[in-house]
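Let's have the full structure, built from the sequences with the hints guiding it.
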Amino acid sequence: MSETFASLSLVPKTTTPLSAKDFKTDQEVRWCPGCGDYAILAAVQAFLPELGVARENITIISGIGCSSRFPYYVDTYGMHSIHGRAPAIATGLSVTRPDLSVWVVTGDGDALSIGGNHLIHAMRRNVNLKILLFNNRIYGLTKGQYSPTSEEGKITKSTPYGSLDHPFNPVSLALGVECTFVARTLDSDRKHLTETLRAAAAHEGTAIVEIMQNCDIFNDGAWAPLKDAEVRDENLIRLEHGQPIRVGASRGVFRDDRGELFIDEVTEANAAKVVIHDAHMDDPSAAFQLSRLSDPVRLSNTPVGVFRDVARPVFDRQMQAQIDEVSRKLGTGDFDRLLRSADTWEIA
Amino acid sequence: MSKQLITLDQVIIRFAGDSGDGMQLTGDQFTAETAAYGNDLSTMPDYPAEIRAPQGTLHGVSSFQLHFADHEVLTPGDAPNVLVAMNPAALKANIGLMGPGATLILNSDEFTKRNLEKVGYWSNPLEDGSLARYDVHAIALTSQTVDALKDFDLTRKEAERSKNMYALGLLSWLYSRPTDAARRYLEKKFAKKPEVLAANLAALEAGWSFGETTEAFSVYYEIKPSSPAPGTYRYITGNVALSYGLIAASVRSGLPLFLGSYPITPASDILHELSKHKNFGVRTFQAEDEIAGVGSAIGAAYGGMLAVTTTSGPGIALKSEAIGLAVALELPLIIVDVQRGGPSTGLPTKTEQADLLQAMYGRNGESPVPIVAAQSPADCFNAAYEAARIAVTYRTPVFLLTDGALANGAEPWLLPSIDELPPIDPAFLTEPNHEVDGTPVLWPFKRDPETLARPWIKPGTPGLTHRIGGIEKQDGTGNISYDPANHDRMVRLRDAKVQGIAREVPNLWVDDPTGDAELLVLGWGSTYGPVGAACEEVRKEGIKVAHAHIRLVHPFPADTGEVLRRYRRVLIPEMNLGQLALLIRGTYLVDAMSLNKVEGQPFKSTEIAAAIKDVLAHV
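Residue numbers (my numbering), protein chains in the order written: chain A, 257 to 604; chain B, 756 to 1374.
Hints are supplied without guarantee of correctness; some may be wrong.
[What the hints assert, rightly or not] Only part of the chain A face toward chain B is listed, based on derived beta-carbon distances under 8 Å:
#  : residue
1  : 266
2  : 313
3  : 331
4  : 337
5  : 338
6  : 341
7  : 345
8  : 349
9  : 352
10 : 589
11 : 594
12 : 598
13 : 601
These are computed hints drawn from the structure, not numbers from a lab. Beta carbons: idealized from backbone N, C-alpha and C, even for Gly.
Next comes the structure, spelled out in structure tokens:
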């Protein structure tokens, strides 16, 4: 199976088939009962065997927050680091160890607030990282303050009169910095989540997956319009490369004369004009437009799936190539020669 | 005309001009000639923070000082004997440093009314007698250079640019320096511009000939070579020596070198230097900020690299939390702080030693980090190597402190042989290190009984998957633990590990020639040179004084307390307000006195000598 994962071409393969059980640790999982993180953990543990790589060659780096406890529960190598810095730490690991599959697990506060700088620069460089951003639109571990993805006017412990901040849309942000793989999925949709993980893992370079995750203690129902069986199909836009972009049962996404997207009923007359999703477009503008369709409060017209998946040189590989190139040109480093690279003199 | 040759034992020359006049280059080339001639020497550039300050202004003056002698040289020198000033600003900015009778070589072409007024000279010092205490040589360096190059196809402006080579030629003649090294440098630099090369060589030649023939100089000088230990030498700055020390540690340990860094004066040259040496497998990563610099290095250390981050004080402030993580993870990491004047942005291009307590205590919780401090530009090599050795042996972040004066200062360096450097053994763990009920298991925090170091385990090692993090860990298993007694044990274990380094490092270095001095002058870092020079000066007057120097600042060498108690008085000169003194007094209950200077400039040996006499007068 691992042949499908181009990003793992330098990672040693497993010699024995692995199962989800192999990725469970002896540590007691300590998320609140009902937390969306359990579903994500189960999906990841079930998916990792598919990679076909040796378990010891997978490393998960996290920051701080509820989601960042993740590495303790997956039997691979892992580091639970400090708030916001996981992408920086993972970059140092990834560029020096091409034989590892490096994953970053982070949350909306960790990745987008305190760690925003590292996140955008990892994506800009196209480091070979798979970043899972658990977005619950709240600070859980500090017991309920608004986060950079909380909707405006959010009433929380730190904003009793409503928050004033305008939120980030994580997908728009990632597309804005030209991340080469950008996707969104839901904690509760195991099938879609697994498909998205698979696509991310196959991508060479940075892949970011926003996982809309429920915090049942401090922000329960934050994604309800996208999860409740009665309404979700009307609100979700399921993106599939090469397929017309449909909204709910009857609507579709169209482009007007000025190039802007709009949503309308699909009829026999306009069916051919429904925009076809192209995740492989070099220019991220169209994907960005799709990311702007959703309403941040009502969550209507929220696309999920792979927004963008394009090939661009991978930072890690480029760094190694430069070392190889310079070594070819100058010869492998000779320390004695280095010392004598300036004028020297002898004292007898 | 026959000229008199006078032999001197030492000379201090200061080259000064506009930032664009090429005085750093002139100084460098004169230094290369002097080094090749076999004198011991020490240099210090002094340049403005602005890249191109307005021409001819005081804050645009760039200087380079060189001290060379027929004996061991410890500092770039106090009062220069010679000033080469390319314009009135350079004269004005430096004249205060010059002792009476000093030689001034002044570029008279630039002493125009406009240039003089720009720096507040309301009369011409070449004419108004204000320089009567000095031996003044007003020479039309610019026009003489243009005249010498009149046969070349150059504009006047282009020809003028060679005036620094003309000055170099003149100085080379005046001090009997061979010009081969400068020629070789020019040939290399202008290999693709033969016309420019020829002009610069001609200017160099013309400057020399002018000295030989002019009546302006009736004497010239020679300074006999010094007689250092036999071997091959080169001239090296602190930042380059430090970079080489890291590469040496990488080669010797077999660990690929990784540098995560963000540009900051005066540390950037280490990033520049290391980025050239990719053929040693060196990975340099210019991070998005200081935090990512250290973060990426922690990631690389986790992956089994020799990981380094380089910065100056403001960068350390930003890295503090991550350094604490490295303490908790117990991973090898080298943190280089090239200290500069603070607080905040402070004096970016000037030197200071005021980050010692920041390195010592600048983190939350009990977070011990060993500190190595380099004592001279060439010693930056050894200090970097030692920092790497301690980091790898003890699985700990290590601070390596240098400063602006060491980073940019330079001196001759006896080239080491890599095989003679102490071994560095990464000793990665590759199999389970513990047994529970007869089953082999991994205990990622099981310690070596000698060093208390935990194992270093690379991701990718089969059978040893495990998780580490910043949360307190159970002793041994490394599992998360909030147990009060365990936390107390872990805090003490981490501290004991660092304190234990003192067992295997050499005793405190002490120079007490008579063995019965009553005063000990204790230094750390770059005060080594001026303290040593001051002690030599006062000893010539029959004064008994001992000199001790701390290279491993944390933990202190094991015998430090014992040495301090041998002396009635202890004097600690520091370029801060008494940071080492605070540590020494607190650790050993010794009534050490401080001599403090925070002017962005190194101590002058005369300042320390005066303090020594002052203390002894009151013993």
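So, going through the hints one by one against the coordinates:
About 11 Å separates the beta-carbon of residue 266 of chain A from the nearest beta-carbon of chain B, more than 8 Å, and the hint is not met. At its closest, the beta carbon of residue 313 of chain A sits 5 Å from a beta carbon of chain B; the interface hint therefore holds under the 8 Å criterion. For residue 331 of chain A, the interface hint holds, since its Cβ comes within 8 Å of a Cβ in chain B; the closest pair sits about 6 Å apart. Nearest Cβ of chain B to the Cβ of residue 337 of chain A: about 6 Å, under the 8 Å cut. The hint holds.
At a threshold of 8 Å, the smallest CB-CB gap from residue 338 of chain A to chain B is about 5 Å, leaving the interface hint in force. A least Cβ separation of about 4 Å between residue 341 of chain A and chain B falls short of the 8 Å threshold, and the interface hint therefore holds. For residue 345 of chain A, the interface hint holds, since its Cβ comes within 8 Å of a Cβ in chain B; the closest pair sits about 4 Å apart. For the restraint placing residue 349 of chain A at the interface with chain B, the shortest Cβ-Cβ distance is roughly 4 Å, inside the 8 Å limit, so the hint holds.
Interface hint at residue 352 of chain A: satisfied, since its Cβ lies 5 Å from the closest Cβ of chain B, which is below the 8 Å cut-off. Against a cut-off of 8 Å between C-beta atoms, the interface hint on residue 589 of chain A holds, since the closest Cβ of chain B lies about 3 Å away. With 8 Å as the threshold, the beta carbon of residue 594 of chain A comes within range of chain B, its nearest partner Cβ sitting at about 7 Å, so the hint holds. The interface hint given for residue 598 of chain A holds, since its Cβ lies 5 Å from the closest Cβ of chain B, which is under the 8 Å cut-off.
Annotation: interface hint on residue 601 of chain A holds; nearest CB of chain B at approximately 5 Å, less than 8 Å.
Violated hint for the displayed structure: number 1, the only one.
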